[in-house]
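Colleague: In case you want the letters, here they are:
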Amino acid sequence: MLALLTRDLRLATRAGGGFGLGVAFFLILCTLVPFGVGADTSALRPIAPGILWLGALLACLLSLDRIFALDHEDGSLDLLATAPLPLEGTVAIKALAHWITTGLPLIAAAPLFGLLLHLPAEAMPWLVISLLIGTPALSMLGAFGAAITVGLRRGGLLLSLLVLPLYIPTLIFGTELIRRAVASGDPTTPLVFLAGITAGVVALIPFAAAAALRVNLR
Amino acid sequence: MIDLGKYAGTVLAAYGISVLLLVGLVWHSIAANTRARRALEKQEGRKDA
Amino acid sequence: MSIWEYANPVKFMRTSGAILPFAVAGAVVCTVGGVVWGFLTPDDFRQGSTVKIVFLHVPAAMMAINIWVMMLVASLIWLIRRHHVSALAAKAAAPIGAVMTLIALATGAIWGQPMWGTWWEWDPRLTSFLILLLFYLGYIALWASVEDVDSAADLTGVLCLVGSVFALLSRYAVLFWNQGLHQGASLSVQSGERMSAIYRYPLYLSMLGFLLLFVALVLIRTRTEIRRRRLAALQAREMRA
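Protein chains in written order, with full-length UniProt numbering: chain A, 1 to 218; chain B, 1 to 49; chain C, 1 to 241.
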C-alpha cells in the first residue's frame, strides 16, 4: 500500500504530472473574482469564504480525471486490480494521493489567497480547519466519479456533472462553519456535520468506487 | 369562460408550460417506441426471409 | 408464481402489453379529469386564482421524488438479482422524473412570482428540487454515454445508490443552510383546516392521474428499451452469420 502511495506521489510530482496546477488555478480564480464583483472590501469580505471554498472545490475537480485515467491507458490499472491488495484499498490510496498532491497545497495556499479577498483574520484558522476536514471527502468523491467515467472517451465533462452535486453537502457545511465561527464563535454543529460526512465518505465510498472500477475493467 | 381575475397570466402560463412539457414527454415516448417497434419488425422480417 | 417472473422480457412484454391500455386510459381520464376539475375550482380568498396551480405543482413534485425512489429500488433489484427489465425500467423512468421535477420547478417559479414577489428563492424546498434535477441529469447523461448496456446499467445503478444518499444529505444540508418561504404543504397538514374538500378531491384525482401517467409512460419506455435491445441483439447475430 505504501509502495503504491509513494509511486502515485512520485508520478504526480514529476514533470508533466500536473502538480501545482491546481494551486495556480486557485490563484487565478481568486484574482478574477474581484474583477467580476468589484474590489470593494465590503463586497469581497462576505463572499470570501464561499469563493475560497468554491475555488478549492473547482481546483480539486480539475485534476480528478488523472486519478485513474493514466493508469487505465497504460494498463497498470488492470495490474492493480489483479494485485493482492483489494481494489477498495487501491481506490482509497489513490484518493489519498490525490488529496496530498491537490488538497494539501490548496489548504496551504488558502489563507494567502484569503488575504487577497480580505477574509477577516479571525476567519483564517476556521478556513484552514474547514478545508482540512472537508477536502478529503472531495478527493474521495472525486475518485468515485473518476472510477465511473474512467473508460469513457469524453468523460471529463460528465465527471463534473456527476461529482459536483455530490459536493453540495460538503460545500454547505464547510462555508457555514466559517460563517458561524465568525458570526457567533460557535461552529460546533457544522463542524460535526462536516466531519461526519467526510468520515462516512471515506469509509463507504471506496466500496462504490471499486464496484464501478470493476465494471469498467470487465 | 371562467374568470381568472388578475392572476390569469400566471395560471395560464403554469398550465401552458406543464401541458407543453407533459405532451412533449408523451410524444417522445410514443415516437421512440414506434420507431423501435418498426425497426424490430423490419429486422425480424429480414431474418425470416 | 412469483413477481420475479416479470423479469423475463418476453413475459414482461406480454403482461405490460395487456396492462398498458388500462394504464393509458386511466392516466388520460384521471390526469385530464383532475387538472380540468382543478382548473374549474373557485378562487381561494387569499391566493386568488393561483390556487389552481396546486393541481399541477403538488402531483408533479410528489412524482419527482417517488420516481427517484422507484429508480433506486429498480437499480437495487438489478444490482442484486441481475434482472435486465429492472435496469431498463430505471433507465426508462429517469427522463419522466426529470420532466416532473422541471414541471414542479416551473410551476413553482410562476406561482412564486405573484405570491412571494420573486421567481426564485433559495428556499430549502426549491433548492432541493434543483439539486434533484441535477441528479436526474447526471443519471441520464451517464446512461447516454456508456455504450455497453450492462456496464451502463451497473454504473448508473451504483450512481443511483450513492446519489440517493447524497440527495437526502443535501436535503438536510440545505435545510440547515437556509430557512425558507415555502409552506410546509404536505397533505397531512392540509387535510382539515388548511385545505377544504373542494380543493382536496381534485388534487387527489390529479395525483392519481400523474401516478397512472407515470405507470403508462414507464411501461411504454421500458418496452421501447426492450425492443431496442432485442434489435441490437438480432443485428449482432446477423453480423456474425
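No lab work stands behind these hints, which were simulated from the structure alone.
On a predicted model such as this, the values are computed, not experimentally measured, just so you know.
Be a bit skeptical, because a hint or two may be false.
[Claimed, not checked] Using C-beta positions, here's what the derived DEER-type ranges look like:
# : chain 1 : residue 1 : chain 2 : residue 2 : range
1 : A       : Arg218    : C       : Val73     : 21 to 29 Å
2 : C       : Trp122    : A       : Leu27     : 22 to 30 Å
3 : A       : Pro125    : C       : Asn66     : 38 to 46 Å
4 : A       : Gly89     : B       : Trp27     : 44 to 52 Å
[Said to hold, decoys possible] Covered stretches of chain B (chain C as the covering partner; in silico rule of three or more C-beta atoms under 8 Å from a C-beta of chain C):
# : stretch
5 : 13–25
6 : 30–42
In this text, a Cβ means the ideal position worked out from N, Cα and C, and glycines have one as well.
Colleague: State for each hint whether it applies.
Modeller: Each hint tested on the structure:
no. : hint                            : result
1   : A:Arg218 to C:Val73: 21 to 29 Å : holds, 25 Å
2   : C:Trp122 to A:Leu27: 22 to 30 Å : holds, 29 Å
3   : A:Pro125 to C:Asn66: 38 to 46 Å : holds, 45 Å
4   : A:Gly89 to B:Trp27: 44 to 52 Å  : holds, 50 Å
5   : 13–25                           : holds (count 9)
6   : 30–42                           : holds (count 7)
Of the numbered hints given earlier, the model fails none.
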